[in-house]
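Participant: These protein sequences, in sequence, are chains A and B. Using our numbering, the first residue of the first sequence is number 1, and each one after it goes up by one. Using our numbering, the first residue of the second sequence is number 1, and each one after it goes up by one.
What the hints contain is simulated information worked out from the structure, not anything from laboratory work. For glycine and all other residues, C-beta sits at the position ideal for the given N, C-alpha and C. Be a bit skeptical, because a hint or two may be false.
[Said to hold, decoys possible] Calculated pairs, DSSO-like style, for lysine-lysine (alpha carbon to alpha carbon, straight line, at most 27 Å): (1) B:K310 to A:K71; (2) B:K180 to A:K46; (3) B:K77 to A:K45; (4) B:K251 to B:K55; (5) A:K45 to B:K251.
[To be verified] Some chain A residues close to chain B (C-beta under 8 Å, calculated; not the full set): (6) G44; (7) D59; (8) L62; (9) S109; (10) L110.
[To be verified] To spell it out: a stretch of chain B is covered by chain A in this simulated footprint if at least three of its residues, at any positions, have a beta carbon under 8 Å from a beta carbon of chain A; those stretches are: (11) 9-18; (12) 90-101; (13) 151-164; (14) 249-256; (15) 321-329; (16) 335-349.
So the chains spell out like this:
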Amino acid sequence: MPEPLSRLIYETALLLDAEDFPGFLNRCAEDFRYVIHAHSPELGKKMIWLEHDRKGMHDMFLMLNQHVRVKGHFKRHVSVYTIDSVGPNVSRVHTSLMLIHTNPDGVSSLFAAGHYIDVIRSEEGVHSLRERNVVLDTRDLSPGIHIPI
Amino acid sequence: MTRTESQWDAKPQLPDDHYVSSSIYTDPEIFKEERTKIFSKTWKFVCHESELPEKGDFRAVDHTGWPLLVVRGPDSKIRTFFNSCSHRGSLLVTEPRGNARNFTCFFHLWSYNTKGDCISITRDQGYQDCELSKDKLGLREVRTEINLGMVFVNLDDEAEDFSTHIGDSFNDLNEPMGTKPMEVFHFHRVLMRANWKQWHETNMELYHEWGHVVNRTTSVAVPGYHERKWKIHPNGHGALEPLKVQYSNYKGWDQRADLTLAGLEPGEFRIVDIFPNTTIIVRATTIRIDTSIPIAPGLTLLEQRGLGVKGESDEDRTLRRFHHNQFWGPFGRNLSEDVIFVEAVEQANRYGASRYGIIARREELMSQDDEIMRAYYRTWGKYMNRRASHPLEK
């Protein structure tokens, strides 16, 4: 069932772009897990830079408007590469990601590149994200960022 | 009441060491002098020993524009050299890390062992006429000291020894960093549009913590926050008395009662600032080493390391890393905000709109007293033979 799964990936990108975080969480399963990975050539090690379950994401979103954040907005350009069945009603989706930042002056730049490795559960026609692994190629993220990639 | 042009430009009516001129952040000559008068004369943190666990392991690091090579030799000793071939100066190592028995320059294939001796010169008979031989062509070694696992270097062979330089400034770190071997599990860099000193100031003046929701809720509101005292070392270092942070005041966070590092109470926070630009911060279960590489007056590369206990279980490391990432790292709730603050200051400093920075708080050396900053800039002034308040007058 490739088309609905791709649609889920694109919808989550649009929801995150719009900072519709409740909408994004509605596309996530109750046992959702979100992890951002990077690799350090300096350490020769993999790193995890953010890791939350669904509740952790929810709590993080609730506090966002109290933080001092990078101004401007983000746009996710995503392309679904592959969709593979990994079990009954479970698929793994590999998606290319480019996160573009546009500042208040209207200057756009590539903020981060990487890919998503998502696990999607499909039950009775409803598809939800069970796991999102963001694997970053980019390691310099300007000041940093308070929202999920 | 607003101010006129002349009022804005006038020197603050304060003692000389209670303000700094914005020129210290923007003037290219001052920046150039800082490289030679401060960074080539002081002890500077470059990496942690855990980044070189095995014999032959090396790290290529940037010390304010001087490329350095830190290597663990066959005798397990950590040495540092200029990452520069004795022949024509090429970088000897071009990867950030690796392991080698010897280093061979990719340009003309001269070779060195991991103790820095030159062991091979291609067609060395060509140098016989001028009596140049391998034994005279070793790498330039740089003084290296390790304390609590942190590797410090000094380009000045005549500078005072590290123990004298640091004095008792590391006392608060002895237990959390010295009881069990630590290791770096997190590394990231930020290219920041601001001066290196402006960044180090965020680790000294704590009243900007009002600007961070995490600090407001977990620290500033906590009893005892304002009553901590700074201990200031004559060499420009400082350490603040500990605080029991209430992490659980921030939505969804736990109190960090488990996995507390040695010698600490649950939730305990400690900070040690080392002149000129390194800070070690302990947050109960995890440690951050913060240093920087000045590139230009208004451009600095920040280096951030997160530390945990070496060899701990995956479960313990997961929790410790989670705590680290709550505050720090590119997705931490706190660190990026400091960069945003400092870059906002740089924009007003850049072409002189902002003329002075006020560091005049006096609170009997309590946590938001500016004496830590004043002491820092007095030390800066001694190295530079300038006053931070009017640096362009010698």
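Participant: None of the hints should be skipped; say for each whether it holds.
Facilitator: Evaluation of the provided hints:
1. B:K310 to A:K71: Violated, at about 38 Å.
2. B:K180 to A:K46: 23 Å, holds
3. B:K77 to A:K45: 23 Å, holds
4. B:K251 to B:K55: Given that 27 Å is the threshold and the Cα spacing comes to 45 Å, the pair is violated.
5. A:K45 to B:K251: Measuring from Cα to Cα gives roughly 31 Å; hence the hint is violated.
6. G44: This hint holds: G44 of chain A lies near chain B, its Cβ roughly 6 Å from the closest one there, short of 8 Å.
7. D59: 3 Å, holds
8. L62: 6 Å, holds
9. S109: 13 Å, violated
10. L110: 14 Å, violated
11. 9-18: violated (count 0)
12. 90-101: Three-residue rule met by the segment 90-101 of chain B, so holds; n is 3.
13. 151-164: The restraint on the segment 151-164 of chain B is violated, since only 0 of its residues have a Cβ under 8 Å from chain A and three are required.
14. 249-256: It holds, with 3 qualifying residues against the three required.
15. 321-329: As far as the segment 321-329 of chain B goes, the hint holds, because 4 residues have Cβ atoms under 8 Å from chain A.
16. 335-349: Coverage by chain A holds here, the residue count being 7 at a Cβ distance below 8 Å.
When held up to the earlier numbered hints, the structure conflicts with 1, 4, 5, 9, 10, 11 and 13 and fits the remainder.
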